[in-house]
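If you read the protein sequences in the order shown, they are chains G and Z.
So the first sequence is numbered by the numbering used here: it starts at 663 and just counts up by one.
So the second sequence is numbered by the numbering used here: it starts at 7 and just counts up by one.
Just so you know, these hints were derived from the structure itself, not from any lab.
Keep in mind it's a predicted model, so treat the numbers as computed, not measured.
Just so it is clear, CB atoms sit at the ideal spot from N, CA and C, and this is done for glycine as well.
Each hint can be trusted.
Just so you have them, the derived chain Z footprint on chain G, three or more residues with Cβ under 8 Å: (1) 757-764; (2) 834-842; (3) 850-861.
The lines below spell out each chain.
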Amino acid sequence: MTRIGPVDANPYKWPYGGSVDVTAVALICVDWQVDFCGPGGYVDRMGYDIGLTRAGLPATARLLAHARDIGMLVIHTREGHTPDLSDLPANKRWRSAQIGAEIGSVGPAGRILVRGEPGWEIVPEVAPVPGEVLIDKPGKGAFYATGLDLVLRTAGITHILLTGITTDVCVHTTMREANDRGYECLILSDCTGATDPANHAAALHMVTMQGGVFGCVAEADAVISTTVTG
Amino acid sequence: MITVDADPGPYRFDLASTALVIIDMQRDFVEPGGFGETLGNDVGQLRTVIDPLRAVLATARATGMTVVHTREGHQPDLSDCPPAKLQRGNPTLRIGDPGPKGRILIRGEYGHDIIDELAPLAGEAVIDKPGKGSFHDTSFGDLLREKGVTSLVVTGVTTEVCVHTTVREANDRGYECLVLSDCVGSYFPEFQRIGLAMIVAQGGIFGWVAPSSALLIALNLQEATP
Chain G
663 MTRIGPVDAN
673 PYKWPYGGSV
683 DVTAVALICV
693 DWQVDFCGPG
703 GYVDRMGYDI
713 GLTRAGLPAT
723 ARLLAHARDI
733 GMLVIHTREG
743 HTPDLSDLPA
753 NKRWRSAQIG
763 AEIGSVGPAG
773 RILVRGEPGW
783 EIVPEVAPVP
793 GEVLIDKPGK
803 GAFYATGLDL
813 VLRTAGITHI
823 LLTGITTDVC
833 VHTTMREAND
843 RGYECLILSD
853 CTGATDPANH
863 AAALHMVTMQ
873 GGVFGCVAEA
883 DAVISTTVTG
Chain Z
7 MITVDADPGP
17 YRFDLASTAL
27 VIIDMQRDFV
37 EPGGFGETLG
47 NDVGQLRTVI
57 DPLRAVLATA
67 RATGMTVVHT
77 REGHQPDLSD
87 CPPAKLQRGN
97 PTLRIGDPGP
107 KGRILIRGEY
117 GHDIIDELAP
127 LAGEAVIDKP
137 GKGSFHDTSF
147 GDLLREKGVT
157 SLVVTGVTTE
167 VCVHTTVREA
177 NDRGYECLVL
187 SDCVGSYFPE
197 FQRIGLAMIV
207 AQGGIFGWVA
217 PSSALLIALN
227 LQEATP
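Bound-form chain G, shown alone (with noise of 0.2 Å):
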């Protein structure tokens, strides 16, 4: 039996209630794509500095390996559309247009975020191992139009691990929606990352806020040193 917890966080220890079994604990990677911090992606392509963006993928693959030696669920999600471009609201297209990156146009990482492209796919740092579950997503929230919640449901998870990008657009819209959902939730502040380290900080900030209003900031190392095998 592997329990996580109590995890040094802010701004209570992580979870309510002391400790969690390892079954009911999923570690949730938000949006590792090439488009969002590799060269020539969407984020590239829109003048943003993908150091910042990139910069929690170390302590993200060692969190992931953890999450590995102790069986814990990990689910890996992905933005992106399919490629006629159906799912796509219209708002979002020229959005992404007025800013010279138009979703499902042609860079050097293939069609911006379109399924199946180069720059759709998983970095290799944190890629998925066979047997974890892949949430493709049209929004930015993890819930809306996808299967996560019934995944989540499925395996019995109360509690969620969260990494990704970025920090206070994708990670914070998915740990929202948990929220609402009655998930205990932990954001790792070290395997986050935005285009706007100002953005960052805020996002991070927020959730600490009212008694933790959206659950639980923490860094990767304090989930690995409070994870007790017995």
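Fit chain Z to the given chain G structure using the hints.
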């Protein structure tokens, strides 16, 4: 088509397909002596939105725009309150406890209801939600589809929590959101500023932001043009 001078660019909408959404302007969050204040928050930070929001609400009503109010709260038996929400942290008052304006965040209690200044009129929808987002476990999305609404003018409290969560949900569903900067409020000035900045980042990743004056000017121009 009405055009509002907004950030990061002009926001265009049709009155018939637009709703004014007023999020959680409940006594417990914005009135002195309510739940929010007992947590040590300065409700004065939220009360600044009341006057501009009243003006927007009056104009929306005059133009026949759809108006939707939301309230965060739970059933009296707390059956719709997730354990994580109920038990986390160490607040002085938990959801369901007796507070100065009735049981905290419980439907039907005085503190759970919307402040008098912005009270809903008969015929205006009031969406009761158990979470921060207005879409999750509510009929909000069905209501918008039924009325043919595709654009949302978003107001209310608090900017970085319920307003942001609702805007993120709406954006993923393809709705075009305009957030009125002086009609949304946070207990924390830093989050008010950065919460609005996040919406317009990356070319408007979640939507548009403008002061209410820009919306009112656009609506008045519309009225003046036959």
